[in-house]
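Residue strings, one per chain:
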Amino acid sequence: MNTLATTAEDHRIALLAALAITIHIAESALPSPLPGIKPGLANIVTIATLCIYGLRTAAWVVMLRVVVGSLLLGTFLSPTFALSFTGALASLIMLGAARLIPGQRLGPVGYSLLAAMAHMAGQFIAAYWLFIPHPALLHLFPILMTAAVLFGLVSGIIVAAMLKHIQ
Amino acid sequence: MKTDLITRADWLVIAAAIALLPWLYSAFWSDNRGVGDEVHIVVDGKELPAISLQQDQTLTIQGSIGPSVVKIADGRVRFLSSPCRGQQCVHSGWHQHNGEFAACLPNRIAMLITGSAARFDTFSY
Chain A
1 MNTLATTAED HRIALLAALA ITIHIAESAL PSPLPGIKPG LANIVTIATL CIYGLRTAAW
61 VVMLRVVVGS LLLGTFLSPT FALSFTGALA SLIMLGAARL IPGQRLGPVG YSLLAAMAHM
121 AGQFIAAYWL FIPHPALLHL FPILMTAAVL FGLVSGIIVA AMLKHIQ
Chain B
1 MKTDLITRAD WLVIAAAIAL LPWLYSAFWS DNRGVGDEVH IVVDGKELPA ISLQQDQTLT
61 IQGSIGPSVV KIADGRVRFL SSPCRGQQCV HSGWHQHNGE FAACLPNRIA MLITGSAARF
121 DTFSY
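First to last, the sequence lines map onto chains A and B. Letter 101 of the first sequence, counting from 1, is numbered 101 in the numbering used here, and no numbers are missing. Letter 43 of the second sequence, counting from 1, is numbered 43 in the numbering used here, and no numbers are missing.
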C-alpha cells in the first residue's frame, strides 16, 4: 500500500513537472523587454501543486522543471541555469517559510506573490555576486521587483481561478 | 469545499509587497555616490594638478577656442562660462559627487571629481 502510494505520487510529480517544463520552454521563446523579466507562468503549476499536494511535491516539480528545462534548452550548468536554479531555490525556501507561519492561511495569490518576489531577489543576488558585481546593476532591482510583483499577482489570480474551477 | 479566492493573509502579503516597492525605489535610486574631494582638470589632453574642492576660487582656463571660467565653491565645482556654442558644460551645473564628470568638448576641457573612496563607473569597470 505504501509503495503504491509512492508510485502514484511519482506519477503525479512527473505529470506536473512535464506541464511546468512545457510552459517553461514555451515561455523561453517569448521576447523579453529586459533581461531577467519574464512572466514566469510555470509558477502557476508550482503554486497550484503547492495548494493541492503540498510543499514536497511542489519542490520536486520546481527542481525537475529547472534541471530538465535547462537540459532541453541547452543551458544546463550555464549562467542562465545558475540564475534559474538560485531563483527556484529561493522561492522554495520562501514558500516553505510561509507554510510554517501559524495562524491565517495563505491562498494561491499570497504564495504566488511571495514565490515570485523570492525568485527575483534570489536570482538578482546571484547575478550580482557571481556575474556583475557592479553598483549600476542595483538600479535595476526596483524595476525587476515591480515586474515580479505584477507577474506574481497575475499568476496567483490565475491559480485562484483555476482552483475554484477544480473544486 | 468552498474557499475564498483571496484570503485575508493574501491581502496582507499584497499590501506588504506594494508597500515594499516605493521603499525599494527610494533605497536603490537615491544618490549615494559620496562627496568628492578634488577636481582633476584636463586641458587638451594635459592634466593640471588636482585642485581641492574645499578652497573656494574662480579659475580661468585657456582652452582651444578661448577662456573657460570654472568656479569652485562649497565643495562643488561648475563651468561658469565657456566660449563654446552649445554651453552644455555650463548647463550641466554644479558637480560635487565622487566620480562625476563634466566636459566642454569644443574647448577641449574636461573635469573629473575624485573622492577618497575609489569608485568604478561604466568607463573604468
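If you are wondering where the hints come from, they were derived from the structure by calculation, not from laboratory data. Some clues are possibly wrong.
[Said to hold, decoys possible] Label pairs and their calculated CB-CB ranges:
1) His11/A - Ser30/B: 45 to 55 Å
2) Leu12/B - Arg12/A: 42 to 52 Å
3) Leu48/B - Pro133/A: 26 to 36 Å
[Said to hold, decoys possible] According to the in silico footprint, chain B covers these stretches of chain A (three or more CB under 8 Å from chain B):
4) 21 to 30
5) 78 to 90
6) 112 to 120
[To be verified] Computed from the model, here is a short list of chain A residues facing chain B with C-beta under 7 Å:
7) Leu106
8) Gly107
9) Val109
10) Ala160
Even glycine gets a Cβ: it sits at the ideal position worked out from N, Cα and C.
Here's how the hints hold up against the structure:
| no. | hint | result |
| --- | --- | --- |
| 1 | His11/A - Ser30/B: 45 to 55 Å | holds, 52 Å |
| 2 | Leu12/B - Arg12/A: 42 to 52 Å | violated, 31 Å |
| 3 | Leu48/B - Pro133/A: 26 to 36 Å | holds, 33 Å |
| 4 | 21 to 30 | violated (count 0) |
| 5 | 78 to 90 | violated (count 0) |
| 6 | 112 to 120 | holds (count 3) |
| 7 | Leu106 | holds, 5 Å |
| 8 | Gly107 | holds, 4 Å |
| 9 | Val109 | holds, 4 Å |
| 10 | Ala160 | holds, 5 Å |
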